[in-house]
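Heads up: the protein sequence lines correspond to chains A and B, in order. Mapping to numbering that gives the first Met the number 0: the first sequence position 138 is 137, numbers consecutive. Mapping to numbering that gives the first Met the number 0: the second sequence position 291 is 290, numbers consecutive.
For the record, the hints were derived by calculation from the structure and aren't laboratory data. None of the values given here were measured: they were computed from a predicted structure. No residue lacks a Cβ here, since even glycine has one placed at the ideal position from N, Cα and C. Careful, some of the hints might be misleading.
What the hints assert, rightly or not - Below are the BS3-like pairs computed for lysine-lysine, each with C-alpha atoms no more than 27 Å apart in a straight line: (1) B:K242 to B:K281; (2) B:K297 to B:K219; (3) B:K233 to B:K223; (4) B:K297 to A:K84; (5) B:K283 to B:K233; (6) A:K84 to A:K187; (7) A:K281 to A:K301; (8) A:K187 to A:K309; (9) A:K84 to B:K40; (10) A:K25 to B:K223; (11) B:K40 to B:K245; (12) A:K309 to A:K40; (13) B:K283 to B:K242; (14) B:K309 to B:K297; (15) B:K219 to A:K25; (16) B:K84 to B:K40; (17) B:K233 to B:K91; (18) B:K268 to B:K245; (19) B:K219 to A:K97; (20) B:K97 to A:K84; (21) A:K233 to B:K25.
Unchecked claim - Calculated Cβ distances over 12 Å to all of chain A for the following chain B residues: (22) K84; (23) D108; (24) P127; (25) C141; (26) Q144; (27) D189; (28) D213; (29) I272.
Listed here are the chains, written in short residue letters.
There are 2 protein chains.
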Amino acid sequence: MQRSFEDLTTLFNEYLHQYSIGEEPKGLYEPAQYILDLGGKRLRPILVLAACELYGTAAEEALPAALAVEVFHNFSLVHDDIMDKAPMRRGKSTVHEKWNLNTAILSGDAMLVEAYRLLCEAPQALIPELLYSFSAMARQLCEGQQLDMEFEERTQVSTSEYLEMIEGKTSVLIGCGLQLGGIIGGGKEDALNHLYTFGLELGLAFQIMDDWLDCFGDSKLTGKQTGGDILTGKHTLLHILAKENKDFEVKLSDALSLTNPEQRVQSVKDIFIQSGAAEACKAKAQQLYQSSLAHLDKAIPKGVNSDPLKQFAYSLVERNF
Amino acid sequence: MQRSFEDLTTLFNEYLHQYSIGEEPKGLYEPAQYILDLGGKRLRPILVLAACELYGTAAEEALPAALAVEVFHNFSLVHDDIMDKAPMRRGKSTVHEKWNLNTAILSGDAMLVEAYRLLCEAPQALIPELLYSFSAMARQLCEGQQLDMEFEERTQVSTSEYLEMIEGKTSVLIGCGLQLGGIIGGGKEDALNHLYTFGLELGLAFQIMDDWLDCFGDSKLTGKQTGGDILTGKHTLLHILAKENKDFEVKLSDALSLTNPEQRVQSVKDIFIQSGAAEACKAKAQQLYQSSLAHLDKAIPKGVNSDPLKQFAYSLVERNF
Chain A
0 MQRSFEDLTT LFNEYLHQYS IGEEPKGLYE PAQYILDLGG KRLRPILVLA
50 ACELYGTAAE EALPAALAVE VFHNFSLVHD DIMDKAPMRR GKSTVHEKWN
100 LNTAILSGDA MLVEAYRLLC EAPQALIPEL LYSFSAMARQ LCEGQQLDME
150 FEERTQVSTS EYLEMIEGKT SVLIGCGLQL GGIIGGGKED ALNHLYTFGL
200 ELGLAFQIMD DWLDCFGDSK LTGKQTGGDI LTGKHTLLHI LAKENKDFEV
250 KLSDALSLTN PEQRVQSVKD IFIQSGAAEA CKAKAQQLYQ SSLAHLDKAI
300 PKGVNSDPLK QFAYSLVERN F
Chain B
0 MQRSFEDLTT LFNEYLHQYS IGEEPKGLYE PAQYILDLGG KRLRPILVLA
50 ACELYGTAAE EALPAALAVE VFHNFSLVHD DIMDKAPMRR GKSTVHEKWN
100 LNTAILSGDA MLVEAYRLLC EAPQALIPEL LYSFSAMARQ LCEGQQLDME
150 FEERTQVSTS EYLEMIEGKT SVLIGCGLQL GGIIGGGKED ALNHLYTFGL
200 ELGLAFQIMD DWLDCFGDSK LTGKQTGGDI LTGKHTLLHI LAKENKDFEV
250 KLSDALSLTN PEQRVQSVKD IFIQSGAAEA CKAKAQQLYQ SSLAHLDKAI
300 PKGVNSDPLK QFAYSLVERN F
């Protein structure tokens with residue numbers, strides 16, 4: 000049995016709806032429940048369920064692990080929002096804004112612990128493997144967040160450093176989610192390694208396109224003002240590749256120092272195009288996307304339909320929103 | 000084989016000495032290694048090892064779990080120090096003071112993750128049980144810290160609320176440490192439940208005596224100025240019991256509002272004695288201590304020497320430092 004992403008989304012949302020992270024003390028659990036209830040597309044837990052069904056096991060078996068991934072993701076949002084001083088998340092106040100710093104730290108800690116506790120509800124014999132995969136992922140995610148913060152203080156970041164950072168911040172959780180689902184589904188080690196790499200490369204392609212869309216996306220579709228990353232001076236792949244082109248290094252520096260924000264965004268965008276960075280960025284995303292699909296093919300048992308996962312991958316990378 | 004606490008301390012310290020929490024990024028792992036290297040008596044991990052040997056298994060089997068407990072304890076110190084705005088810990092700067100807030104949050108997160116990762120190094124078949132015990136403990140610890148913060152804002156705290164708070168903040172980690180060691184040692188469920196309760200009650204007795212010593216201890220032996228809790232207006236058991244005595248409620252309130260700190264400490268101490276709170280507090284600690292020893296007796300297999308654990312319990316509760 001292999002259900003569609005739509006059916007798996009319904010299954011997960013019903014499970015989530017019946018779940019409560021805790022009651023007392025309210026000051027600890029209300030903020031955690033608040034961030035969980037803010038919504039989002041629930042992509043990561045759905046991937047856990049889809050991976051489980053790839054290997055012929057009903058997704059219900061993987062529901063606690065899927066929830067562990069979602070709770071963990073939300074833990075990371077709460078703590079990252081503190082570190083990034085972000086006031087808003089999904090159109091609502093962040094936890095540290097709505098409550099305070101201490102609440103955001105401690106509720107986040109409780110969410111991280113709860114994610115691990117949920118792993119206890121997986122089939123007993125698989126728990127050691129799940130714990131190992133989950134802990135390796137969580138460690139890399141902390142490392143990615145650390146690199147992201149360090150890059151803000153630096154004037155130079157290399158392509159490989161940037162890729163290492165987004166791998167930690169975005170990709171490992173996608174790869175790990177697929178891996179957890181695959182372990183519970185009963186996939187063989189070799190297949191699961193390919194499934195993990197599919198998630199890793201897809202996550203990289205997604206993040207690179209996300210940065211590209213921040214700059215070149217249609218603001219009507221993305222719902223964000225284009226050029227946000229340019230205005231904050233973020234080291235995106237576009238920025239790194241343009242800077243590496245010696246013919247444009249000075250021009251880029253000049254454009255980034257323009258005082259008028261609209262002029263700055265437009266000039267930097269022009270340089271991203273003229274320097275070839277925009278094309279190179281899309282090409283890198285495409286290469287990673289194609290490579291990820293090759294790994295997906297090797298991860299899937301004969302006779303199993305990989306179309307839903309392929310459509311999902313397509314929608315992540317080829318989107319224009 | 001049952002080694003002395005001294006031998007187990009040497010064993011653990013050698014293991015810790017060879018351990019590194021991580022190398023790169025330095026900004027993430029150096030603060031974590033710093034707090035681990037600050038020292039301390041390592042009581043919690045030693046208890047894990049001692050519990051393992053109680054049931055006839057060499058403590059070496061329990062070394063990763065013991066380290067998990069120590070790393071977790073240090074995670075909680077790093078995050079608690081942020082929340083308490085504490086500048087110093089063991090005579091050195093706290094992580095958020097020496098580095099900054101973001102570093103303390105993220106390095107703490109990485110330590111919590113690392114504690115769970117270390118559980119993966121325990122004997123495979125026992126991992127589900129260890130994960131369950133550890134997660135239940137970590138959840139209660141977050142709840143205890145939340146209550147502690149909430150009590151600071153309140154004018155009234157009951158004895159049972161206070162005991163619930165210190166159970167979370169102090170006792171569950173001692174109980175859990177013993178339980179983890181006992182699981183690895185091969186103890187039966189009934190024995191392990193008694194061992195856990197031994198740790199829980201001993202932790203409560205320890206914390207109550209810690210508060211008592213803050214007020215009545217010999218400052219030459221404790222190394223702390225006596226009356227620190229009185230000056231910060233903390234809801235200790237002494238304070239709660241004195242306030243519950245209607246004959247002293249107003250006197251206590253008056254004494255706590257004295258502007259001269261030395262006069263305030265002396266007057267409040269006098270009220271703690273006259274109201275019977277000081278004696279009641281010691282009696283509560285004694286009762287918990289005696290009850291804990293009864294549980295220890297039921298936790299220990301016939302023919303096994305419980306003297307080292309009893310001496311340890313004695314040293315925690317009957318100390319005057």
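Hint check:
{"no.": "1", "hint": "B:K242 to B:K281", "result": "holds (16 Å)"}
{"no.": "2", "hint": "B:K297 to B:K219", "result": "violated (38 Å)"}
{"no.": "3", "hint": "B:K233 to B:K223", "result": "holds (16 Å)"}
{"no.": "4", "hint": "B:K297 to A:K84", "result": "violated (52 Å)"}
{"no.": "5", "hint": "B:K283 to B:K233", "result": "holds (19 Å)"}
{"no.": "6", "hint": "A:K84 to A:K187", "result": "violated (43 Å)"}
{"no.": "7", "hint": "A:K281 to A:K301", "result": "violated (32 Å)"}
{"no.": "8", "hint": "A:K187 to A:K309", "result": "holds (20 Å)"}
{"no.": "9", "hint": "A:K84 to B:K40", "result": "violated (37 Å)"}
{"no.": "10", "hint": "A:K25 to B:K223", "result": "violated (35 Å)"}
{"no.": "11", "hint": "B:K40 to B:K245", "result": "violated (41 Å)"}
{"no.": "12", "hint": "A:K309 to A:K40", "result": "holds (17 Å)"}
{"no.": "13", "hint": "B:K283 to B:K242", "result": "holds (16 Å)"}
{"no.": "14", "hint": "B:K309 to B:K297", "result": "holds (13 Å)"}
{"no.": "15", "hint": "B:K219 to A:K25", "result": "violated (41 Å)"}
{"no.": "16", "hint": "B:K84 to B:K40", "result": "holds (23 Å)"}
{"no.": "17", "hint": "B:K233 to B:K91", "result": "holds (24 Å)"}
{"no.": "18", "hint": "B:K268 to B:K245", "result": "holds (17 Å)"}
{"no.": "19", "hint": "B:K219 to A:K97", "result": "violated (45 Å)"}
{"no.": "20", "hint": "B:K97 to A:K84", "result": "holds (20 Å)"}
{"no.": "21", "hint": "A:K233 to B:K25", "result": "holds (22 Å)"}
{"no.": "22", "hint": "K84", "result": "violated (10 Å)"}
{"no.": "23", "hint": "D108", "result": "violated (6 Å)"}
{"no.": "24", "hint": "P127", "result": "violated (4 Å)"}
{"no.": "25", "hint": "C141", "result": "violated (4 Å)"}
{"no.": "26", "hint": "Q144", "result": "violated (6 Å)"}
{"no.": "27", "hint": "D189", "result": "holds (21 Å)"}
{"no.": "28", "hint": "D213", "result": "holds (23 Å)"}
{"no.": "29", "hint": "I272", "result": "holds (33 Å)"}
Hint compliance for this structure: hints 2, 4, 6, 7, 9, 10, 11, 15, 19, 22, 23, 24, 25, 26 are broken, all remaining hints hold.
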